[in-house]
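Engineer: Line order of the protein sequences matches chains A and B.
Its first residue numbered 1, the first sequence is counted upward by one per residue in the numbering used here.
Its first residue numbered 1, the second sequence is counted upward by one per residue in the numbering used here.
A couple of the hints might just be wrong.
Taking lysine to aspartate or glutamate pairs in the DMTMM-like style, the calculated list, with each CA pair at most 25 Å apart, reads [as the list claims (entries may be wrong)]:
no., chain 1, residue 1, chain 2, residue 2
1, A, Lys113, A, Asp99
2, B, Lys122, A, Asp38
3, A, Lys113, A, Asp38
4, A, Lys113, A, Asp9
5, B, Lys122, A, Asp84
6, B, Lys122, B, Asp52
7, A, Lys113, A, Asp84
8, A, Lys113, A, Glu16
9, B, Lys122, B, Glu92
10, A, Lys113, B, Glu92
11, A, Lys113, A, Asp10
12, B, Lys122, A, Asp124
Facing chain B, from chain A, some residues (calculated, C-beta under 7 Å) [unchecked claim]:
no., residue
13, Asp38
14, Met62
15, Ala66
16, Gly69
17, Ala80
18, Asp84
19, Tyr85
20, Arg88
21, Ala91
Rather than coming from a laboratory, the hints here were simulated on the basis of the structure.
The beta-carbon is built from N, C-alpha and C at its ideal position, and this holds for glycine as well.
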Amino acid sequence: MSATTVRYDDVEVGSEIPAREFPIQRWQLIQYAGASGDFNIIHWNQRFATLVGLPDVIAHGMFTMATAGRLLTEWAGDPAAVVDYGVRFSAMVPVPDDDRGATLTIRGTVEEKLDGNRVAVAVDARLGETLVLSQARAVVQLT
Amino acid sequence: MPLNREFIGRAYESSPPFEIGRELVRHFSTAIGDASPVSHDVDAARAAGHRDLVAPPTFLTTLTFRRPSGPMGDPDLGLDYSRVVHGEQRFELHRPVYAGDVVVATSTVAEIRDVGRNEMMKIVSEITTVEGERLATATNTMISRGTAARDETAGSNA
Numbered sequence: 001m002s003a004t005t006v007r008y009d010d011v012e013v014g015s016e017i018p019a020r021e022f023p024i025q026r027w028q029l030i031q032y033a034g035a036s037g038d039f040n041i042i043h044w045n046q047r048f049a050t051l052v053g054l055p056d057v058i059a060h061g062m063f064t065m066a067t068a069g070r071l072l073t074e075w076a077g078d079p080a081a082v083v084d085y086g087v088r089f090s091a092m093v094p095v096p097d098d099d100r101g102a103t104l105t106i107r108g109t110v111e112e113k114l115d116g117n118r119v120a121v122a123v124d125a126r127l128g129e130t131l132v133l134s135q136a137r138a139v140v141q142l143t
Numbered sequence: 001m002p003l004n005r006e007f008i009g010r011a012y013e014s015s016p017p018f019e020i021g022r023e024l025v026r027h028f029s030t031a032i033g034d035a036s037p038v039s040h041d042v043d044a045a046r047a048a049g050h051r052d053l054v055a056p057p058t059f060l061t062t063l064t065f066r067r068p069s070g071p072m073g074d075p076d077l078g079l080d081y082s083r084v085v086h087g088e089q090r091f092e093l094h095r096p097v098y099a100g101d102v103v104v105a106t107s108t109v110a111e112i113r114d115v116g117r118n119e120m121m122k123i124v125s126e127i128t129t130v131e132g133e134r135l136a137t138a139t140n141t142m143i144s145r146g147t148a149a150r151d152e153t154a155g156s157n158a
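Here chain B stands alone, though its shape is the one from the complex (with noise of 0.2 Å):
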């Protein structure tokens, strides 16, 4: 069943705040096999110029999970999970992500259309501090496979 393109244009805000924690920039650091002294010991973090432990650039998929919202959980998407697989992903981060931070995200449904016979959804999030800087915008597109309407006019039976 293809997606429900009503939902172009929706935004959602992830809910409560995010704490972006010490443990958890070690625990996936530590989990990326990444052991840069400023994502572990607040000391050298410190002394490379940064006022808390750095998250590596893909930390806040974190988020994703830990504050889901948006509108996959939405039944009327129409999306089914087993059919998604994750087509792209970037990162822009506006200033590096630390420790300490306490963040909230903003997702807007961006773009949805065919790919073939695919769908893909494209979900462009803002994730600012509690106190409203800019911290990332994370742009997000699934694919969601083998849901695109079909051509009726194809004159296929199969």
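Bound-form chain A, shown alone (with noise of 0.2 Å):
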């Protein structure tokens, strides 16, 4: 366990997960097509993407949701502390093909404190201003 674990104890409704910057690249599309299984055509072909009227290759939303899901594991200390996540895709995440790549921005507020030491959390993740989880919310399990 990390040493900056947070604690059930510590934390009210209302507290923060501090916004954390995600840089996506291409080569991580890549990669997690290779670990998903999910090799459809779109997250790695810029040709096919344009093709098929996309603004460019996309990052699979099961990628953002995991890189939104590491702002959660990180904060309780422990990935199976996440025992409830879910989340609506509102908005694409193009992936140009070049040394930037695309950023997320990934915050948490607590919403509600539940029995047992577990926490409500809503998790927001913005590709600049522009929200791509809606609704995203899961419970934390806390120590």
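Both chains come to you apart, so use the hints to assemble them.
Structural biologist: Pasting the structure below:
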């Protein structure tokens, strides 16, 4: 367990999980395709993506969900701490083929303290000003 | 073409059982940038009270692609995959997912309905170990763009 692990008694309704920036580059989408098994061509082939009307290669929604999940698991100090996690995919994340790629800004807010040292957290994930996950909520088991 | 509503309620079981191996947990964790020791180092996982490497919360998505089951591949459903976008996803984890778990998913078409000009299809998967232990419930909502049945009474020729 990390020394910085948050404890149930230390959080209140309204407590913030500070915003973090998560850069996404093309190679990460290739790596995620291999790990997840999702080889949908729109996630790695710019020629095809633009042919079907997309602005560029777009990140897997599940990659965005997993990335936002890291905000929670690293806050709690254990990937097993997230016991319920749901999102709505509200906008695409185009990932240009340059040195910067796309950068997601992700933060969280404790919405409710539940029994058994669990908390309900709302997640805010944006690309620039655009919300890419909406109604993103998790239940996190704290110690 | 609208989706075939006769599929509502149909259930599908993934086969053969999926063996969650340590290297896939490490591979997936690395791919999402998760460096948690308990997902990479068995000793660290055990020291933290886990029985083996812990999979990240969205790990079970790998099952969708490595053991595809469900109605999506059935031509009678009428799904044009090029029109599909992922609408919503939820994982309720009844206990942590560990390397060494051998799992089966039973996926049920819970809902197909119009949402404006689109259709949504919700698939609920109950994931259990081969020993019968409930592991997780995964809810996957897909959007089929522009396939809702047209309202013939609207009087539009467009």
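Engineer: Honestly, which of those hints from before does the structure not fit?
Structural biologist: Structure breaks hints 1, 3, 6 and 21.
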